[in-house]
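**Q** Quick note, the sequences are listed as chains A and B, same order.
Residues in the first sequence are numbered consecutively from 276, following our numbering.
Residues in the second sequence are numbered consecutively from 10, following our numbering.
Fair warning: there could be bad hints in the mix.
Straight-line alpha carbon distances no greater than 16 Å define the calculated EDC-like cross-link-like pairs of lysine to aspartate or glutamate that follow [stated by the list, open to error]:
#, chain 1, residue 1, chain 2, residue 2
1, B, Lys31, A, Glu600
2, B, Lys376, A, Glu577
3, B, Lys130, B, Glu195
4, B, Lys376, A, Asp573
5, B, Lys376, A, Glu567
Chain B is nowhere near these chain A residues, computed Cβ spacing over 10 Å in every case [said to hold, decoys possible]:
#, residue
6, Ala286
7, Ser296
8, Pro307
9, Asn418
10, Gly517
11, Gly536
12, Pro546
13, Ser626
Source of the hints: derived by calculation from the structure; they are not laboratory data.
Just so it is clear, CB atoms sit at the ideal spot from N, CA and C, and this is done for glycine as well.
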Amino acid sequence: MGASVSRPSQAELDEYRADASAWFEENVPSPPDFMLPLTFMEVATDEQFHFLCDWQNKVYQAGYLGESWPKEYGGGGLHQAFQDIATDEMGKHNSPIMLNTIGLSWAGPLLLDMGTHEDCLRYISGILSAEDIWCQGFSEPENGSDLGNAQTRAVRDGDEWVINGTKAWTTHGTYAKYMILLARTIPDAPNKYAGLSFFLAPMNVPGIETVPIRKLTGEYGFTETFFTDARIPAACLMGEEGQGWAIAMRTLEYERSARGGQAGGYSITVPDAEEAIDLARRTRRGGRPAIEDPIVRDKLVEFLIENRGIQLCGARQRLAPLNQERPMSLDLSSKLMNTEFVRRINEFAISMQGAKGAYYRGEPQSVDGGIWQRAYLNAFSATIGGGTSQIQANIVAEHVLGLPKS
Amino acid sequence: MSRRGRIGLSEEQAELLELAGKYCRDKSPIETVRRLIDDELGHEPVVFAEMAELGWLGIAIPEGYGGAGLGLAEVVPVLEQMGRHLMGGPLLSTTLAAQALLAGGTDAQKSQVLPGLVAGKPATLALMEAHGDWDPGQIECHAERSRGALALRGTKSLVLDAKGAQWIVVSVDLDGSPALVLLDREAIETCKCRRETVIDETRRSYQLVLDGVSVSENALLDVSKASAAFQHIELAGSLLAVAEMCGGAVSCINYTVSYLNARKQFGRLIGSYQALKHPVVDAHVRIEQARSHLYAAAHTFENDEEGEIAVRMAKAHTGPAFAYTADRAIQFHGGFGFTYECDAQLYRRRALWCETQYGDALHHRRKLAALVL
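Kindly produce the complete structure, drawing on both the sequences and the hints.
**A** Here it is, written out as structure tokens:
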């Protein structure tokens, strides 16, 4: 991916950027009359779903998604630098999110990394075009942070695997065509990890039922997924039996952005400090705009500093001499930094609304339609999902700092 | 303003980071740090001379004055590594004195002084006074013109490495405006100089009584550049303080981590307790952000407003981050942490000192509010 392609010249990159900028300027859709989700985890209605599928496909067809993925599978075959530019321009033009995140950022890079040539031929282009939506079957109701203890069973029966069990927090569960599934095939393995296997499972077979989970926001976006004697082809096993844990861990590295190779674009629109500043101009303290209040100003400056610090850590990842001592540090801590920041800045944005912080989505008097309240509550999806912040802290402690296991 | 920071690294920075890392590790093991705490001078002149030979005193000085013609960005890795090994000594004060002259000195002063600084003659700045106010406009020391000379009076405090300094750049009030005056060795010797007791025992700080000192009017730095020079000094001093703090914080984390990996209580390594490991991760993450701010500030330092914002952000972020790191280091060493023997106190004292240099986090956040909101 990208690595084998030679570094383009600055002139090529500049030209590409100019084209991308013009294209997004021209094509980013104006907001529809329904509220768009801020993250890929909040797609709750068909109209949201179709709007975002169409948009992702349009971006892909224009050549601004999957640019660094191999051409033979449907990617652009270009150097990673091009996709980074496209993603950057997407953000600058406030593009809606790329919907098929689990395909684009988790399953896709995983397939290109560890999948077979046939897998890639079969799945990659559908991921990019949003024709094939992917979901993830890792967490279970009883096994969240302790993913290695997953109990969903897969039993081999002739040319098929028979799946039984329950997965929780399946994003896009109702829309997905495929699932990356972690299931137990060897119940008597020497340890819990060795009994797990990894599947590229179709979702359109009998015996799979998805039931929407109502989130703390009152909305939907996840399902609980029930497998009752669901039969999937034997060929759906990825890698060898018993390799599930290793493949799942690799997937999580993609999910947590600890490893590069994603198709590009973004799946979460993060309210940054800039938007909080804008809010401070529109809310009041003592008859004056909140932004004139010295204490509000100081808080805003603190958020700006933190926001920039996180952004700069992303940029510093590329400067090898500054990462020599603990090379994995920035990769493994980026989820922790980012998600906790987003949660706190949304929380602060509510407090800036004064008494109106009490309103919620749906109330006509709410500030910005209640998006801050909703974004704050939704922010927990990222501080909990993909490994809670507390698990992330353990990972940094153990794998970056070398502290003993808890 | 552009809200995004920019970061980059020159080849020279990368080389110096490695070279200075080896040098400082070699020259400043913790036993040496502790021995120098008890030493009156507080540093080894041989080491300072070697640093001059390595060219470190001339890194940010133009080639015309014998320097390497690079920028402060290239001094940053040196100070980061010195901070990491808790080194004192006059490299910092000499570098900042040179910056003061470059920003505000006359051509004659620069030609007269800078080549000597590059060669290893120490110099320093005398900016603070008894009131402790960081605002460079708050100056009670006074210079009065009399027959082609300037008569000085008043007292400067917190003058780093004044003893042994060949040159001291002093801030004074002249005709109602802040100005800078260059004291030579002869003038310095007529000042009363008393060593101050400061919290960071690796530092040597002095009170300097100017009463009775008289210098030629040629000792006055270019008054038309005075306000730009004060601004430049504050930002340069802040940048280098951040470099020292980042280095110190990284080794403070390493020091704490090795204790958590060695000490057992209740039959377990204490590093396995999340009550200890999570705050250490917190500190680590904050220091990672500090280092990103540092190298962004170094990279953009020369661009006026962008550089100012980056430096102030770096200082505002790093001070509290280092303070937290060292504060938790003491706590997590338990009873040992309360002893003089535990190195955690060295880092905590260093962090407290650095926060007093060129403005604390609140000072810089106040300035930032005016710049970015």
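**Q** Decide, hint by hint, whether the structure agrees.
**A** Each hint tested on the structure:
Restraint check: the Cα-Cα separation between B:Lys31 and A:Glu600 comes to about 13 Å, which is no more than 16 Å; the hinted pair holds. A hinted pair counts as satisfied when its Cα atoms are at most 16 Å apart, and B:Lys376 with A:Glu577 qualifies at roughly 12 Å. For the given pair, B:Lys130 sits about 15 Å from B:Glu195 by alpha-carbon distance, which is consistent with the 16 Å threshold. At most 16 Å may separate the alpha-carbon atoms for a hinted pair to count; B:Lys376 and A:Asp573 meet this at roughly 10 Å.
At roughly 14 Å between alpha-carbon atoms, B:Lys376 and A:Glu567 fall within 16 Å of each other, so this suggested pair holds. With 10 Å as the threshold on Cβ separation, the claim that A:Ala286 sits away from chain B holds: the shortest Cβ distance comes to roughly 20 Å. Annotated as non-interface, A:Ser296 keeps its C-beta farther than 10 Å from every C-beta of chain B; the closest such distance is 16 Å. At roughly 28 Å, the least C-beta separation between A:Pro307 and chain B is larger than 10 Å, which holds for a residue marked as non-interface.
No beta-carbon of chain B comes within 10 Å of the beta-carbon of A:Asn418; the shortest separation is about 20 Å. The non-interface label for A:Gly517 is consistent with chain B: the shortest C-beta to C-beta separation is roughly 29 Å, beyond 10 Å. Even its closest Cβ contact with chain B, about 23 Å, leaves A:Gly536 beyond 10 Å, as expected for a residue assigned away from the interface. Every C-beta of chain B lies more than 10 Å from that of A:Pro546, the closest at about 13 Å, which supports listing it as non-interface.
Separation of A:Ser626 from chain B is adequate, the least Cβ-Cβ distance of about 17 Å exceeding the 10 Å criterion.
The earlier numbered hints are all upheld by this structure, with none contradicted.
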